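Chemist: My request is simple: use the sequences and hints to build the entire structure.
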Amino acid sequence: MSLVINKLSKKYADGEEDTLHKISLTVEKGEFLCIVGASGCGKSTLLNLVAGLEQPTSGEILLDGEKISGPGAERVVMFQEHGLYPWLSVIDNVKFGMKLAGIAPNIQEEKAMHYLEMVHLQDYKDYMPHQISGGMKQRTALARSLTMDAKVLLMDEPFSALDKQTSNRLREELQKIWMETHKTVLFITHSVEEAVYLADRVVALSASTREIAKIIPINLKRPRHVYDTEFTELRHRILDIIKEG
Amino acid sequence: MQLIIFLGILILIWQGAYWLGVEIFQTVKSYAVPSPLDVGKRFVELCNDGTLFQAIGNSLIRGIIGFVIAVIIGIILGLLLNHFKYLQKNLKPLVLGVQTLPSVCWVPFSILWFGLSNQAILFVVIMGSAFSIAISVDNAIKNVLPIYIKVARTMGASKQQIYTHVIFPACIPEWIVGLKQGWSFAWRALMAGEVMTTSIGLGQTLITGRDLADINQVTVVMLVIVIVGIFFDKYIFSIAEKKILRKRGLISENSYR
Ligand SMILES: Nc1ncnc2c1ncn2[C@@H]1O[C@H](COP(=O)(O)OP(=O)(O)OP(=O)(O)O)[C@@H](O)[C@H]1O
Ligand SMILES: [Mg+2]
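Residue numbers (my numbering), protein chains in the order written: chain A, 1 to 245; chain B, 1 to 257.
These are computed hints drawn from the structure, not numbers from a lab.
One or more of the hints may lead you astray.
[What the hints assert, rightly or not] The calculated label-pair distances, taken between Cβ atoms and stated as ranges, are:
#	chain 1	residue 1	chain 2	residue 2	range
1	A	K11	B	F168	34 to 42 Å
2	A	E28	B	A240	48 to 56 Å
3	A	K11	B	K85	23 to 31 Å
4	A	E28	B	I147	26 to 34 Å
5	B	K89	A	K214	47 to 55 Å
6	A	Y227	B	F168	44 to 52 Å
7	B	I147	A	D14	18 to 26 Å
8	B	I239	A	H114	35 to 43 Å
9	B	N139	A	Q122	34 to 42 Å
In this text the structure is predicted, and so the values were computed from the model without any measurement.
In this text, a Cβ means the ideal position worked out from N, Cα and C, and glycines have one as well.
Modeler: In structure tokens, the structure reads:
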């Protein structure tokens, strides 16, 4: 029961060298894995490959032993842009994926409310997306992703378009939700602090070799605090690894 | 209210100019220039004998039938253009080109094919608006934000569901604008068609006015054509457009745009 990435390489048609070079990585069930690296090192590319939005040049990705060939609801993605539909209310946006899957309306309603409560938006369920703040939009998108009961949740810098305060609040909430649900999460961020805060393991990608520079286990107890000495040490260690590139 | 005062002033200026030009200096002949008073009188006459209502009714029915057919053709053509790369590359430029043709250019063809009939007018209306609708259908689909489609795909949407649940709803505001423009083309084409044939309608009433050298009737009909055009634009399309834009937060509650 895991996500296995096996000697995965990706070269874009117009690129000269591999954007990703022979990446091998296993994400265990229930694990929160963060990928960090300099801008342009291929983090989003890796996530898009796992999502099935891009095809690898070589290598393969297996989810529970099955090869990934295209997008699918068992690998739901949360993007930096919330991607809420402006013609649907908050709750209808949350129900969107379940509607696609043809789930019974009463179950849609029940699950949507469950996850809206989890992200503290139950009172805003009938608002339109333009009537809520950026942070609330991302929380709506999170609730929408959670309703899919995906095997793995893919998140590409979901909080990085928000202001620092809001993004800190959201990562706290995400940590709490993860401690309750123990979803398998593949989380991409350029913020090492965010990675150390959330992850069981942090994968640092190298911008020069396009390989994995290092995998760092984070054995800090949750809930974590950014001012702890151990936290700060780990953060600096990872920052150094990324800088060496 | 402001508008009514403005229109009142315009009519006063018109009356003043008429009075100066025709009655005082007699530089212009009265049969060549209408006066507000005479136009008003003719309007009442045309209303009383029912000519005007019959003409408006006939023109509207024709216009709406032609428009509906144009919408159906436009949507199908637009979807085809959007779906097939080959058509997009080869047929789209042609459609764009034909769309620039003023609708009167279709009159000779339509009379040769359909005679001086209702169908001839409908043909001109359809040709005058279907292509512009097709182009706006295609463009709106192209303007759908990629993130909307990406999100749906990663939640397991089928190709068909992407159309029904994402692309179509996302396109609605732009399509309404396209329909509004299509209607204004249809309405103009309708007049071009009606002027050429003899079926009862606003265009034909206009031509009768010219044949009788009745400048006031011509003016009445022109004003009615404008008013009907404005009515559809303002009270049907613009209201629908605003309602949808407001729901999506694309204009704010108290904006007059
Ligand atoms: N669709 C594409 N076609 C061609 N090249 C691409 C495409 N997407 C990404 N690239 C290239 O691949 C490299 C990695 O891009 P990617 O978006 O994966 O980086 P990233 O690590 O997510 O960066 P950031 O932190 O800025 O989001 C970049 O050099 C980029 O130009
Ligand atoms: Mg990225």
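Chemist: Could you run down the list of hints and mark each one as holding or not?
Modeler: To see whether the hints hold, each was checked on the structure:
1. K11(A) <-> F168(B): 34 to 42 Å: 36 Å, holds
2. E28(A) <-> A240(B): 48 to 56 Å: With a Cβ separation near 53 Å, E28(A) and A240(B) satisfy 48 to 56 Å, so the hint holds.
3. K11(A) <-> K85(B): 23 to 31 Å: For K11(A) and K85(B) the Cβ distance comes to about 25 Å; the hint holds.
4. E28(A) <-> I147(B): 26 to 34 Å: 30 Å, holds
5. K89(B) <-> K214(A): 47 to 55 Å: The hinted range 47 to 55 Å holds for K89(B) and K214(A), with Cβ atoms some 49 Å apart.
6. Y227(A) <-> F168(B): 44 to 52 Å: 51 Å, holds
7. I147(B) <-> D14(A): 18 to 26 Å: 22 Å, holds
8. I239(B) <-> H114(A): 35 to 43 Å: 39 Å, holds
9. N139(B) <-> Q122(A): 34 to 42 Å: 39 Å, holds
Going down the numbered hints, you'll see the structure goes against none, and every one checks out.
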